[in-house]
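Based on the sequences and whatever the hints tell you, model everything.
Using this note's numbering, you'd call the opening residue of the sequence shown number 48 and step up by one each time.
Hints listed in this document are in silico derivations from the structure and should not be mistaken for laboratory results. Careful, some of the hints might be misleading.
[Unchecked claim] Distance condition first, Cα-Cα at most 20 Å in a straight line; then the derived EDC-like pairs of lysine to aspartate or glutamate:
(1) K130 / E120
(2) K123 / E133
(3) K118 / E134
Given the structure is predicted, the values throughout are model-derived calculations rather than measurements.
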Amino acid sequence: MGTHDVLRVKLRANEQDIINSRIRYCMIPFVKAICPVLDRKARTLEVAPPEGLLDLTTATPLRKPLSDEAKKEKLKELQEIRKREEEARQAQPSGEPAATAAAPKAAEPSSSGAARPRGAQKQPRQQRRGASVEEEAEGAASASEDADGDADEGGGEGEGAAAEAAPARVRRPGLRRQTGGLRLGRRRVASVKEEAVGNTGEAAADAGQA
48 MGTHDVLRVK
58 LRANEQDIIN
68 SRIRYCMIPF
78 VKAICPVLDR
88 KARTLEVAPP
98 EGLLDLTTAT
108 PLRKPLSDEA
118 KKEKLKELQE
128 IRKREEEARQ
138 AQPSGEPAAT
148 AAAPKAAEPS
158 SSGAARPRGA
168 QKQPRQQRRG
178 ASVEEEAEGA
188 ASASEDADGD
198 ADEGGGEGEG
208 AAAEAAPARV
218 RRPGLRRQTG
228 GLRLGRRRVA
238 SVKEEAVGNT
248 GEAAADAGQA
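See below:
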């Protein structure tokens, strides 16, 4: 229903009812919006659906059933596709051993070529380590020779040189305790400064009298 431009409905009504047009509707969804055409002799009712209804109900036309010839053609196509797939599967196992044999041969030169740079990289590192060890040994020997020479020159001179060479202990400036430290208040600092100034003045006066 709804797929044809015109629907033909067989009526189960009497001739009198058809003549008197008492049949106005039939069991079709869009009958109320149409103008039926009666055929009294054939006792049929032709119904035309309203405009736009077919576009809403059936966007795509109905497909016709396939004929026997079309079915046979499709079966042949499917059989050919299956044969091709089977031939491809049979050809793969025979070609795989040759491919696998060629793969290791191609991998051997690459692996040997990759191993050579690694060995070449390891050799310079070992040479550097040996050179550093030799330099440390030479430095230790020279230091021991210098120490022996200084000991032969004299104990006093060696002690003086060691005292001069020893770095002096320097306290951090933040740790020094000044007159204006945290423990002393501002008033205490001022009084300490005044006492220091008075003491210096008295000492100067005594020196002048003497």
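Quiz item: Is K123 close enough to E133, meaning Cα to Cα at most 20 Å?
Solution: With Cα atoms ~16 Å apart, K123 and E133 stay inside 20 Å; holds.
Practice problem: With a cut-off of 20 Å on the C-alpha distance, tell me whether K118 and E134 pass. | Solution: violated, 25 Å
Quiz item: Are K130 and E120 close enough, with their CA atoms no more than 20 Å apart?
Solution: Holds - the C-alpha atoms of E120 and K130 are around 16 Å apart, at most 20 Å.
Consistency with the previously given hints fails for number 3 only.
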